[in-house]
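Novice: Given the sequences, and given the hints that come with them, work out the whole structure.
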Amino acid sequence: MSQVQVEIQQPAPSEPLAAPTASHHRVRLPSWLTLLLRNHKAQIGLGILFVMVLLAAIAPWIANASSATNFVDLPRQPPSWSYPFGTTDQGSSVWAGVVFGARRSLATGFFAAVIATVLATSLGITAAYAGGIVDEIISLITNVAIVIPAIPLLIDVTAYLHSRSMLTMILVVGCLLWAIEARILRGQALTLRNRDFIQAAKVSGESTRRIVFGELMPNMVSRIAAAFILVFYISILVEAGLEFIGLGNTAKASWGVSLYWATVNSSVLQGEWWSFLFPGLAIGLTVLALTLVLVGIDEVSNPRLRGLPKKRRFAFRRSAA
Amino acid sequence: MRWFLRRLAFYVFALWVAITLTFVIPQLLPGSPIGGILQRLTPQQIQNNPGIILTYEKIFGGKNQPLLKAYWTYLDHAAHLNFGISTSNYPTPVSEIIARTLPYSIALVGISFILAFALGTTIGMFAAWRRGGGFDTIFVPLFMALGAFPAYFTALLIMYVVGLRLGWFPIQHAYGTSIVPGFDWTFIRSALDHGVLPALVIVLAFAGGWVINMRTVMINTISEDYISMAQAKGLKDHRVMTRYAARNAILPPLNGFAPQFATAVGGVIFVELVFSYPGAGYTLQQAALGKDLPLTQALLLVFAICPIIAIFIIDLVNFVLDPRIRAS
Amino acid sequence: MTAASPATTPRPFGRREPLVELRGLSVEYLTRTGLPVRAVDGVDLEISPGEILGLAGESGCGKSTLANALMQILRPPAQISGGQILFNGDDVTAKSREELRKFRWRNVSMVFQSAMNALNPVTRVGDQFIDMMQAHERISKREALNQTGDLLELVGIDRRRVRAYPHELSGGMRQRVIIAMALALRPELVIMDEPTTALDVVVQREILQQVKQLQRELGFAVLFITHDLSLLVEIANRIAIMYAGEIVEEAPADEIHRAPRHPYTIGLMQSFPPLHGPIVRMTGIPGSPPDLAAPPEGCRFHPRCPHCRPEDSFLYARQTTERPRLRQVGEGHLVACHLVEREG
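Each protein sequence line maps, in turn, to chains R, G and E. Quick note: the first sequence uses our numbering, first residue 1078, plus one each step. Quick note: the second sequence uses our numbering, first residue 1307, plus one each step. Quick note: the third sequence uses our numbering, first residue 2, plus one each step.
In short, the hints are calculated from the structure, not lab data. Source: prediction; values computed, not measured. Do not take every clue at face value.
[Said to hold, decoys possible] Some but not every residue of chain G turned toward chain E, in silico, with C-beta under 8 Å:
(1) R1313
(2) N1526
(3) E1530
(4) D1531
(5) K1539
(6) G1540
(7) N1554
(8) F1625
(9) P1629
Backbone N, C-alpha and C fix where the C-beta goes; we use that ideal spot for every residue, glycine too.
Specialist: Below, the structure written as structure tokens:
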């Protein structure tokens, strides 16, 4: 067998080396975010969300706080100039109920989502990174938590709790919704953990803390954001749902409570559509907005999902069929 | 086989957790369970039935019973389907109430979920296959929007528009007020009639999730080589779509059925409420508001078990459909 | 940038009517920034009936895209942006949907790189043959099953394997299966896109032998796509070298082996260490393939070409501004290179 000398020639100095197509990417936060902001669906979603938050924020200036829950005028009035959304069976303003209710509903949803996301992220990453028995235990708990339906459990728990404060709601919902996302985040953390750049960091002796916070999490930001948004809209729905059943604080204004009163007072059966339509629309639009942002994130991370530029669309029909 | 046993072990474990939860919750919440129960019973009832407190104590553990023993008794009773006597429907035993109401829920949920899944995945399949086509641009956003609104809102809306204004279907209860339940055609017909609106709401509210899920998976599947090859082989378009793409793409959504089911079970409760449909969900709400402890706990157990059973069935279906699982 | 038109690309004399003719074919990918990437840029190519044409080039040079374009199975965001594809004189791009469906597999079939990915994981192997046969002719299931068994035996697989699922077969067997599938309808052209890349060398050799033998028996033409030039030297009649979406050299196989003219081809040929003979100093090809969204001006290979030097100002000017065209430099030998053009 002959020997072969291998000599690699240096690249010509004028030509810069093309960027290495490594299997890892250092995700810089702004890039996916800017892409997201350019995504049409996400734009619509964020727009609606912005309007909702704005309404909630300026509520005291566009409606009267007390007219949300107290008697202010003749009950059961359809929408009119003085009461743009009409009045409820109790004689309070539906409009005020919606904008003030926005504060409560959005806030409880938000904070519950924060709790759930923190739980999901920490458990998910721990399970993925630590592996072994820790992973098995956490996964087992997560799987069971997914299987046990949250709403009946929540109904059960809130029925027996005496306090109906916002804090209780937040805690209870937050602590029960983490499971779904925990599994997904664990999956992503696992994929990343086995990537070369993490292995390289480990081998070069970086501390676990630095690896997790400095290398792992930055690459998971979009997924964590998606998890947060998902839990956000689920908690809005769930909390409104509990309030709808009557397990919320029926004295305070929130979207779910408005729907509760609408049902209890048989507004629907009496044809008073305004008392349930507007709060319901508020919930639906907010959830829709969040769903749209989620779809946007999905499209940004998975290029195949993106729509095709419109003018070229027809050319594909034949060749792709 | 091994895989099967592992799953089975998981189910048993989940079941155990569910049962234990229903036992533990009343213990953890403020006030002793017995105290709560006593509050619900009228003095009359206690007088007429002196042994009643003892019965409850046996099931839920009283001040005199050590926790572990109470737990054991509870398990024992649960195994015999003895959950005590409902305080809000005194003196009907809980098991009887559940037996009366559960079938309606199962019928409603069973049918509408399967419909929602079938409809959703079909729309998702077409939407992905013809990107930018009719399905993709109209139905996907439509169902997405429908799914965004809480089920009870859609329920109220449907109730108002279809039930009240158009009067096409009845809007309350499971069957006509004058009809007696039985296996005769009048009853079944009435039951179906009453079930249409709740079922419609559930399908509309939940199909959306499947649409999006299936569409995404399908789009990813379409980019696989075997789809290119199938097209290259000159197969008819719809055949590639169904036998090659959808057949593979259906597997992840099928697996996602389980968590969806668990969440959706909650949504059904709301729908039953709006339509005063006397299923397990409606009963749970009444029981919870009435602080009927035995009934709520038993119902919670039922609700916890149903997803487990559903997942088990899904696992079997998965086993049949995916030869790769059979091999391992 | 003008694409080479048929008139200016000289073709050697004495050839039969070509089976496949690509005239100025261009395929573009639309990217998220809106700039199209030309994966195939003005390619002229011909395949004669019964010949094995090898197509070689680095990863990402556009060879697979070309193959997909030929079969009209390009996936969005890729689309044909110019040129013609003629098969037996018919323009493939002008076919209707139904005509295209019938055309596929019967006239041209394809062997994919990864058989594991090319087979439907949840259906049995036999069923995948049957649905293809039934899509093209009226044939009973039993008869189709029978023929499938014959095909499997043709490639050296036990006919009982029709009932197997893809994951139950070994890598080599799977590759044979899709070769058998590609031959099922006796097509005139079989495109093989890196058919042996995913296999180990021993199996690779067996598959190649199999392909050569089948080609001799059945007489179909082959477009053999690979990055491994040494394979082509063994199996192909003619070889075309592709770089950055263009054909840069085309010649009979032994001519390429013996006397490559284009600097890129020379670089490729010199990348294979010979097992015998004196010690040879190996040179790789410095640099990396260009970004097709913004390819270099003029000759696309010039940044990496050892013969592109600013000192040689006149040639350098041409190399950096003008795209070289394929010109005949010998019997059946075409090269697109300013240097070769100058040398005559």
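Novice: The hint names G:E1530 as touching chain E; please verify it with the least Cβ-Cβ distance against 8 Å.
Specialist: holds, 6 Å
Novice: Does the nearest C-beta of chain E fall within a distance shorter than 8 Å of the C-beta of G:N1526?
Specialist: At about 12 Å, which exceeds the 8 Å cut-off, the nearest Cβ of chain E leaves the hint on G:N1526 violated.
Novice: Holds or violated: is there a CB of chain E closer than 8 Å to the CB of G:N1554?
Specialist: With Cβ-Cβ at 6 Å, under 8 Å, it holds.
Novice: Hold the hint about G:G1540 up to the distance rule: shortest CB distance to chain E must be less than 8 Å.
Specialist: holds, 4 Å
Novice: Using Cβ atoms only, decide whether G:K1539 comes closer than 8 Å to chain E, and label the hint accordingly.
Specialist: holds, 4 Å
Novice: Let me know if the C-beta of G:R1313 comes in closer than 8 Å to any C-beta of chain E, holds or violated.
Specialist: Not OK, violated: G:R1313 not within 8 Å of chain E, min 20 Å.
Novice: Given G:P1629 was flagged as interface, is its beta-carbon under 8 Å from a beta-carbon of chain E?
Specialist: Since the shortest Cβ distance to chain E is 5 Å, the answer is holds.
Novice: Per the CB criterion, is G:F1625 less than 8 Å away from chain E?
Specialist: violated, 12 Å
Novice: Hint check: is the beta carbon of G:D1531 less than 8 Å from a beta carbon of chain E?
Specialist: holds, 4 Å
The structure is inconsistent with the numbered hints 1, 2 and 8, although it conforms to all the rest.
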